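Engineer: We have chain C already, so just place chain Z on it with the hints.
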Amino acid sequence: MLSSPGPERERALADLRVLLVRGLRYALGSWRRSVGLEFEALIEDFAQEALLRILDNLNTFAGRSRFTTWAQKIAVRTALTELRRRRWRDVSLDGILEQGGMKSLPASADGSPEAAAENADTLTWVRRLMHEELSDKQRAAITAVAFEGIALEEVARRLGTNRNALYKTIHDGRLRLKRRLAREGLSPGELLAGLEGV
Amino acid sequence: MSLYRRLITALQFLFRPGLKRAMGEIERLKRLVHMVNDSAEDEIACDEAYRLLDRYADALLRGEDAPALLPRVKKHLEMCMDCREELEALLAALRALRAPRAPAD
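In order, the protein sequences belong to chains C and Z.
Residues 1 to 198 (our numbering) are what the first sequence spells out, left to right.
Residues 1 to 105 (our numbering) are what the second sequence spells out, left to right.
Honestly, I wouldn't trust all of these hints.
As the list claims (entries may be wrong) - No farther apart than 25 angstroms at their CA atoms in a straight line, the calculated lysine-lysine pairs in the DSS-like style are these:
{"id": "1", "chain 1": "C", "residue 1": "Lys137", "chain 2": "Z", "residue 2": "Lys75"}
{"id": "2", "chain 1": "C", "residue 1": "Lys178", "chain 2": "Z", "residue 2": "Lys30"}
{"id": "3", "chain 1": "Z", "residue 1": "Lys30", "chain 2": "Z", "residue 2": "Lys74"}
{"id": "4", "chain 1": "C", "residue 1": "Lys168", "chain 2": "C", "residue 2": "Lys178"}
{"id": "5", "chain 1": "Z", "residue 1": "Lys74", "chain 2": "C", "residue 2": "Lys178"}
{"id": "6", "chain 1": "C", "residue 1": "Lys178", "chain 2": "C", "residue 2": "Lys137"}
{"id": "7", "chain 1": "C", "residue 1": "Lys168", "chain 2": "Z", "residue 2": "Lys75"}
{"id": "8", "chain 1": "C", "residue 1": "Lys168", "chain 2": "Z", "residue 2": "Lys74"}
{"id": "9", "chain 1": "C", "residue 1": "Lys137", "chain 2": "Z", "residue 2": "Lys30"}
{"id": "10", "chain 1": "C", "residue 1": "Lys178", "chain 2": "Z", "residue 2": "Lys75"}
{"id": "11", "chain 1": "C", "residue 1": "Lys168", "chain 2": "Z", "residue 2": "Lys30"}
{"id": "12", "chain 1": "C", "residue 1": "Lys168", "chain 2": "C", "residue 2": "Lys137"}
{"id": "13", "chain 1": "Z", "residue 1": "Lys30", "chain 2": "Z", "residue 2": "Lys75"}
By construction, these hints were calculated from the structure, which means they are not laboratory data.
Only a predicted model underlies this, so the values are computations on that prediction, with no experimental measurement involved.
Same shape as in the complex, but just chain C (with noise of 0.2 angstroms):
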């Protein structure tokens, strides 16, 4: 019905956009405080594009969902591109870099030196670790996407690359780490322990 011109086509095309809509106004509740007035504005324009990207592809649904489904996972990811844009556009990611994501731990909550001490060396250990075995490129999107928490398709967008490809960057980068622990004989869990004490 979408695929060809027509009356039915324009019908079930204003059908789904309610559809999107609704969707889109419930999923996205939680962004309402910070985006402000302008939250119903955006939900519409976000349908609109998604209704635009729906039909650019249509040939690309298998059937193996719902439509619905398949529609609205468009919708959403359409409304969280642009929702995480406006979110991380005021942080700069050289500041994150150039404090490398993890800076010097102050004394632990009980106050014994003991378990600043602890801290100090996991934390200098993991540093020395991230330094020598992953690329400059791999600790920058490790750092502000696993340990800073910023969106991944953020850190993609400022570092010139795709969502799809830094996250195979970064996917390398565990790996890295995960074998160098393994060389070192050391378990994730021997790890956590030297962080305890707070």
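Structural biologist: Below, chain Z alone, put in the same frame as chain C:
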């Protein structure tokens, strides 16, 4: 605990911003260590996870064992905050669409 002691404790907490920052960094570092430990050789990346996300969501909503049906999607979602956020939003949207609506007056 007397009111005086409670007030002192609260003031000590409020004026120790370094403590909160340090605890946050330790928790993030622990999360990183867990992610490293849980890394698998054959993980799929975001494009493949996105391609399968609608199937995964529908399976969940039908009460099927989506992680068992699509284990590599499950693994990816454990590792990727962006994709996890998208799945949660998709599920919320679909549940809203399937919820019965109040009849018009």
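Engineer: With reference to the structure, classify each hint as holding or not holding.
Structural biologist: Status of the hints after comparison with the structure:
With a CA separation close to 23 angstroms, the supplied pair Lys137 (chain C) and Lys75 (chain Z) stays within the 25 angstroms bound. Our distance criterion of 25 angstroms between C-alpha atoms is met by Lys178 (chain C) and Lys30 (chain Z), whose separation comes to about 14 angstroms. For the given pair, Lys30 (chain Z) sits about 21 angstroms from Lys74 (chain Z) by alpha-carbon distance, which is consistent with the 25 angstroms threshold. Restraint check for Lys168 (chain C) and Lys178 (chain C): the C-alpha separation of about 15 angstroms stays at or below 25 angstroms, so the hint holds.
About 20 angstroms separates the Cα atoms of Lys74 (chain Z) and Lys178 (chain C), which keeps this hinted pair within 25 angstroms; it holds. Restraint check: the Cα-Cα separation between Lys178 (chain C) and Lys137 (chain C) comes to about 18 angstroms, which is no more than 25 angstroms; the hinted pair holds. With a C-alpha separation of about 14 angstroms, the suggested pairing of Lys168 (chain C) with Lys75 (chain Z) holds against the 25 angstroms cut-off. Of the supplied pair hints, the one linking Lys168 (chain C) and Lys74 (chain Z) holds, its CA atoms being roughly 16 angstroms apart against a limit of 25 angstroms.
With a CA separation close to 21 angstroms, the supplied pair Lys137 (chain C) and Lys30 (chain Z) stays within the 25 angstroms bound. Of the pairs offered as hints, the one joining Lys178 (chain C) and Lys75 (chain Z) holds, with about 16 angstroms between alpha carbons and a cut-off of 25 angstroms not exceeded. For the proposed pair Lys168 (chain C) and Lys30 (chain Z), the alpha carbon gap of about 22 angstroms is at most 25 angstroms, so the pair holds. Distance hint between Lys168 (chain C) and Lys137 (chain C) is fulfilled; the C-alpha atoms sit about 12 angstroms from each other, no more than 25 angstroms.
Among the hinted pairs, Lys30 (chain Z) with Lys75 (chain Z) is consistent with the structure: their alpha-carbon atoms are about 19 angstroms apart, no more than 25 angstroms.
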